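K.L.:
Here the protein sequences come in this chain order: L and D. Each position in the first sequence, counted from 1, maps to that position plus 305 in our numbering. Each position in the second sequence, counted from 1, maps to that position plus 305 in our numbering.
What the hints contain is simulated information worked out from the structure, not anything from laboratory work. Incorrect hints may have been included.
Because identical chains share one entry, a pair is satisfied inside a single copy or across any pair of copies.
Unchecked claim - Distance condition first, Cα-Cα at most 20 angstroms in a straight line; then the derived SDA-like pairs of lysine to any residue:
{"id": "1", "residue 1": "Lys466", "residue 2": "Leu318"}
{"id": "2", "residue 1": "Lys380", "residue 2": "Asp404"}
{"id": "3", "residue 1": "Lys422", "residue 2": "Asp320"}
{"id": "4", "residue 1": "Lys422", "residue 2": "Ala403"}
{"id": "5", "residue 1": "Lys422", "residue 2": "Glu321"}
{"id": "6", "residue 1": "Lys466", "residue 2": "Arg324"}
{"id": "7", "residue 1": "Lys466", "residue 2": "Glu321"}
{"id": "8", "residue 1": "Lys415", "residue 2": "Ala349"}
{"id": "9", "residue 1": "Lys466", "residue 2": "Gly336"}
{"id": "10", "residue 1": "Lys466", "residue 2": "Asp320"}
{"id": "11", "residue 1": "Lys380", "residue 2": "Arg335"}
{"id": "12", "residue 1": "Lys415", "residue 2": "Gly394"}
{"id": "13", "residue 1": "Lys422", "residue 2": "Ala353"}
{"id": "14", "residue 1": "Lys422", "residue 2": "Leu318"}
{"id": "15", "residue 1": "Lys415", "residue 2": "Arg356"}
{"id": "16", "residue 1": "Lys415", "residue 2": "Arg388"}
Note that the coordinates shown come from a computational prediction; the quantities given were computed from them, not determined experimentally.
There are 2 protein chains.
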Amino acid sequence: MSDQTSSDALLFLTDEQLRQGIEAMFFAYRGFTADPDRILATMAYGRAHHRAVHFINRAPGTTVTNLLVILGVTKQSLNRVLRSLIEDGLVEARVGSADKRERNLYLTEKGAALERKLSDAQRNRMRAAYRAAGPQAVAGFRTVLEAMMDGDLRRRHQALKEGSP
Amino acid sequence: MSDQTSSDALLFLTDEQLRQGIEAMFFAYRGFTADPDRILATMAYGRAHHRAVHFINRAPGTTVTNLLVILGVTKQSLNRVLRSLIEDGLVEARVGSADKRERNLYLTEKGAALERKLSDAQRNRMRAAYRAAGPQAVAGFRTVLEAMMDGDLRRRHQALKEGSP
DNA sequence: CTTGGAATGTCAACAAGGCTGTCCTAAAGT
DNA sequence: ACTTTAGGACAGCCTTGTTGACATTCCAAG
Chain L
306 MSDQTSSDAL
316 LFLTDEQLRQ
326 GIEAMFFAYR
336 GFTADPDRIL
346 ATMAYGRAHH
356 RAVHFINRAP
366 GTTVTNLLVI
376 LGVTKQSLNR
386 VLRSLIEDGL
396 VEARVGSADK
406 RERNLYLTEK
416 GAALERKLSD
426 AQRNRMRAAY
436 RAAGPQAVAG
446 FRTVLEAMMD
456 GDLRRRHQAL
466 KEGSP
Chain D
306 MSDQTSSDAL
316 LFLTDEQLRQ
326 GIEAMFFAYR
336 GFTADPDRIL
346 ATMAYGRAHH
356 RAVHFINRAP
366 GTTVTNLLVI
376 LGVTKQSLNR
386 VLRSLIEDGL
396 VEARVGSADK
406 RERNLYLTEK
416 GAALERKLSD
426 AQRNRMRAAY
436 RAAGPQAVAG
446 FRTVLEAMMD
456 GDLRRRHQAL
466 KEGSP
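Start from the sequences and build out the full structure, keeping to the hints where you can.
P.N.:
Dropping the structure here:
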């Protein structure tokens with residue numbers, strides 16, 4: 306990827322190609338979130354709740370600080386979401402055993418049910434897209450996404466991948 | 306998940322693979338919007354203004370209705386954004402010549418300057434990602450994104466692509 | 001042991017930007 | 001003439017981001 310000195314390999318990097326990539330990313334992200342959004346709209350929840358539930362399911366026992374680093378929001382934003390999830394009995398916050406300042410977060414059975422419902426919808430779309438595009442395209446898709454992340458984001462993403470191999 | 310009878314080709318469709326794709330999409334989109342967001346934060350504008358400016362630049366003379374279909378927001382949401390852009394002299398709304406009910410939207414020089422600033426930042430990141438991933442990966446990336454869009458979104462996206470070939 | 005600072009998390013108040021709903025004008029279409 | 005369409009204005013709501021002040025807990029230096 307470094308020494309594409311002359312010409313052929315750079316032909317696809319025209320401004321127009323890049324702009325189409327940008328727009329594709331915009332439209333695709335809309336599709337990507339459309340199904341969960343539809344489900345969430347029928348409840349009193351939004352996308353933020355989805356993200357919280359997703360990552361708590363992914364890393365049970367995680368702390369508030371850890372979660373807000375992953376989500377890239379402030380404590381207060383996350384707190385509001387978390388509070389409603391706890392009040393509604395979807396998430397349980399246990400006082401940390403080692404450090405009592407920490408709260409370890411877990412999904413209740415009810416929370417896990419919502420997570421499944423949301424991620425089933427999202428996975429179905431992802432699966433359809435993957436299947437339509439084929440394995441080779443998927444590999445390329447993943448490669449470009451990785452390259453598009455910031456260093457920090459990429460590290461968080463890698464950590465999650467390795468967490469459940 | 307239905308007919309993974311024998312086939313090698315479907316091995317990449319495990320739930321774990323799909324989940325990683327979902328998370329990659331989440332983190333990558335954050336990176337994707339990070340640079341423009343940083344620039345916009347220094348002004349009184351947000352992501353909504355960026356989107357409006359982007360698509361007005363892309364399709365000069367577009368109408369309000371057309372724009373809100375592309376952006377997928379309501380008239381009122383768009384109108385608020387548009388009003389501030391017009392007041393600040395970034396966008397010009399000319400009464401339609403054929404149909405005088407319509408307003409044709411154009412960027413002023415000032416608006417075009419902002420658009421360039423924002424899209425330069427975003428294109429730079431896109432270019433870096435494309436370059437790092439290579440042409441084949443980029444082709445796959447585009448294929449999967451297309452497959453991830455809703456039918457409507459895909460049609461809008463195609464129309465934009467063909468609009469400036 | 002005490003005390004001061006750092007870390008963890010909560011609460012209050014505010015802004016951006018979505019949404020709905022209603023009402024209005026002007027222009028087109030029938 | 002009547003209806004439909006394009007657009008704008010206003011009011012109000014919700015979600016989700018922000019900053020700032022505060023309580024609790026831990027830990028380490030004196």
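K.L.:
Against this structure, judge whether each hint is valid.
P.N.:
Verification of the supplied hints:
1. Taking the shortest Cα distances, Lys466 and Leu318 sit within 20 angstroms of each other only across copies (15 angstroms), while inside one copy they are farther apart (30 angstroms).
2. Taking the closest pair of Cα atoms, Lys380 and Asp404 come within 20 angstroms of each other only inside a single copy of the chain (18 angstroms); across copies the shortest separation is 50 angstroms, beyond that limit.
3. Taking the shortest alpha-carbon separations for Lys422 and Asp320, only the inter-copy value of 14 angstroms comes in at or below 20 angstroms, while the best intra-copy value is 40 angstroms.
4. In this assembly of identical chains, the alpha carbons of Lys422 and Ala403 never lie at most 20 angstroms apart, being 33 angstroms within a copy and 49 angstroms across copies at closest.
5. In the homo-oligomer, the alpha carbons of Lys422 and Glu321 lie at most 20 angstroms apart only across protomers (16 angstroms), although the nearest pairing inside one protomer, at 39 angstroms, exceeds that limit.
6. Within a single copy, Lys466 and Arg324 get their C-alpha atoms only as close as 30 angstroms, which misses the 20 angstroms cut-off; across copies the closest is 9 angstroms, which meets it.
7. When the C-alpha separation of Lys466 and Glu321 is checked against a cutoff of 20 angstroms, the pair qualifies only between copies, where the shortest distance is 9 angstroms, while the shortest distance within a copy is 34 angstroms.
8. Taking CA atoms no more than 20 angstroms apart as the test, Lys415 paired with Ala349 passes inside one copy only; the shortest distance there is 15 angstroms, against 41 angstroms between copies.
9. In this assembly of identical chains, Lys466 and Gly336 lie within 20 angstroms of each other by CA distance solely across copies; the values are 18 angstroms between and 23 angstroms within a copy.
10. With identical chains, the CA atoms of Lys466 and Asp320 are at most 20 angstroms apart between copies only, with a shortest distance of 13 angstroms across copies and 33 angstroms within one.
11. With identical chains, the CA atoms of Lys380 and Arg335 are at most 20 angstroms apart between copies only, with a shortest distance of 18 angstroms across copies and 26 angstroms within one.
12. Only within a single protomer do Lys415 and Gly394 lie at most 20 angstroms apart by alpha-carbon distance; the minimum there is 7 angstroms, versus 51 angstroms between protomers.
13. Taking the shortest Cα distances, Lys422 and Ala353 sit within 20 angstroms of each other inside one copy (16 angstroms), while across copies they are farther apart (30 angstroms).
14. In the homo-oligomer, the alpha carbons of Lys422 and Leu318 lie at most 20 angstroms apart only across protomers (18 angstroms), although the nearest pairing inside one protomer, at 40 angstroms, exceeds that limit.
15. Taking the closest pair of Cα atoms, Lys415 and Arg356 come within 20 angstroms of each other only inside a single copy of the chain (16 angstroms); across copies the shortest separation is 38 angstroms, beyond that limit.
16. Within a single copy, Lys415 and Arg388 get their C-alpha atoms as close as 15 angstroms, which meets the 20 angstroms cut-off; across copies the closest is 44 angstroms, which misses it.
In this structure, only the earlier hint numbered 4 is contradicted, and the remaining ones agree with it.
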